[in-house]
Amino acid sequence: MGAESDIVLLAIVSLLSACQHGYYARLVGRSRMKHKIMPPAVTGHPEFERTFRAQQNCMEFFPIFLVVLWTAGFFFFQEVAAALGLLYIFARHLYFKGYVTSAQGRIAGFYLSLISLFLLNVLSALGITNTLLKKYLDVNIVKQVHHMF
Amino acid sequence: MGAESDIVLLAIVSLLSACQHGYYARLVGRSRMKHKIMPPAVTGHPEFERTFRAQQNCMEFFPIFLVVLWTAGFFFFQEVAAALGLLYIFARHLYFKGYVTSAQGRIAGFYLSLISLFLLNVLSALGITNTLLKKYLDVNIVKQVHHMF
Amino acid sequence: MGAESDIVLLAIVSLLSACQHGYYARLVGRSRMKHKIMPPAVTGHPEFERTFRAQQNCMEFFPIFLVVLWTAGFFFFQEVAAALGLLYIFARHLYFKGYVTSAQGRIAGFYLSLISLFLLNVLSALGITNTLLKKYLDVNIVKQVHHMF
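As given, the protein sequences belong to chains D, B and X, one line each in that order.
Take 1 as the starting number for the first sequence in the working numbering and just add one per residue.
Take 1 as the starting number for the second sequence in the working numbering and just add one per residue.
Take 1 as the starting number for the third sequence in the working numbering and just add one per residue.
No wet-lab data here; the hints were simulated from the structure.
Please read these numbers as outputs of a predicted model, since none were measured by experiment.
Be a bit skeptical, because a hint or two may be false.
Which copy? The list can't say, so a pair holds if one copy fits it or any two copies do.
[What the hints assert, rightly or not] Derived lysine-lysine pairs resembling DSBU-like cross-links, with alpha carbons at most 30 Å apart:
#: 1; residue 1: K97; residue 2: K34
#: 2; residue 1: K143; residue 2: K36
#: 3; residue 1: K97; residue 2: K36
Using the sequences and the hints, build the whole thing.
Dropping the structure here:
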């Protein structure tokens with residue numbers, strides 16, 4: 001069974017994030033109807049434009065998020081990566097909700113999302129360095145940290 | 001060999017979908033030339049605007065599709081996930097072709113793509129629940145369903 | 001250890017590419033400030049519009065790149081896929097830098113990025129064909145090529 005339970009938390013967080021992004025696409029559709037902005041137009045009422053840009057920004061960062069989530073979870077600790085992934089999802093929730101209200105409202109959520117991406121990136125780099133050390137120098141730091149708990 | 005053949009169908013569907021999305025990027029380029037819309041402009045002739053928005057919408061959903069495809073295929077049945085993946089590719093084909101012709105033309109393909117995403121999402125949730133049950137309660141439902149066939 | 005070292009190079013390239021895309025998002029933010037273009041607006045000064053479109057194009061191709069990188073690396077040779085992945089990162093660097101300067105400046109980097117995507121696609125197709133041959137005909141070509149070196 002090993003392999004599946006090693007990544008199940010990462011899969012859960014990815015799936016939640018995918019649902020969140022699907023939901024944001026739906027909110028853009030609703031905002032279109034509310035402000036009567038017919039596709040393919042993407043300009044018109046300021047609230048629609050903010051909703052659309054919020055969703056676009058989330059979509060742009062989604063593949064980046066997935067890469068650092070899985071690299072951190074696979075090469076470092078799955079549990080820590082999944083927790084930071086939940087933080088990212090929450091940050092994006094703040095960002096989207098804030099951005100729909102005002103351009104200023106996006107900032108807190110955005111910085112929180114950057115912090116969680118940055119931490120996932122650091123964990124990824126540590127995990128990968130550890131794998132390279134194991135491969136070429138037969139040293140395993142992550143395992144030693146694991147043993148400390 | 002195990003691992004490779006466990007994901008080969010998912011890899012084939014992902015690769016087909018990646019080629020499809022690359023092809024749509026190319027169609028946007030061709031539409032630029034046809035209507036003489038020079039980069040970085042993304043507005044002008046309505047047909048170009050529809051083609052561009054069709055491609056943008058496909059691109060936005062691509063990471064969502066990949067997440068649900070792989071989660072469903074890895075935690076549930078690879079074959080079912082791959083079949084739904086092919087349905088999604090076909091739905092996107094209808095969507096894109098329809099949207100280039102008219103904004104109304106995008107709707108049938110779009111709803112079909114949502115249905116396949118929804119089904120992949122349900123399978124993912126079932127597969128993940130099963131893995132959690134296996135891990136914490138030592139119950140394996142997917143295996144029992146497998147044995148029924 | 002096997003599994004981790006089998007994908008560590010792909011993870012490194014993916015992480016580098018994710019950082020590159022994060023950096024491009026930051027450059028769009030800087031260009032906003034430089035030209036005083038407040039969100040959610042995405043039009044205004046031509047240099048900003050080129051920077052924004054360059055980043056958008058990179059983002060659109062990022063999931064496509066990840067799919068062909070991992071498929072090629074997992075089913076064919078990790079080392080060759082990682083090398084082509086570095087070529088893609090370099091090509092995107094040329095593309096972005098060129099596009100910020102002028103629309104014409106994007107072309108060389110763009111074609112180089114297409115070449116590396118095309119090669120990764122070919123390797124993916126070869127690797128997948130090999131896995132299918134192994135599964136159904138018990139023939140392993142990649143292993144035989146591996147033995148030649």
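Evaluation of the provided hints:
1. K97 / K34: Answer is both; intra-copy 17 Å and inter-copy 27 Å each pass.
2. K143 / K36: neither (57 Å within a copy, 50 Å between copies)
3. K97 / K36: Answer is both; intra-copy 21 Å and inter-copy 24 Å each pass.
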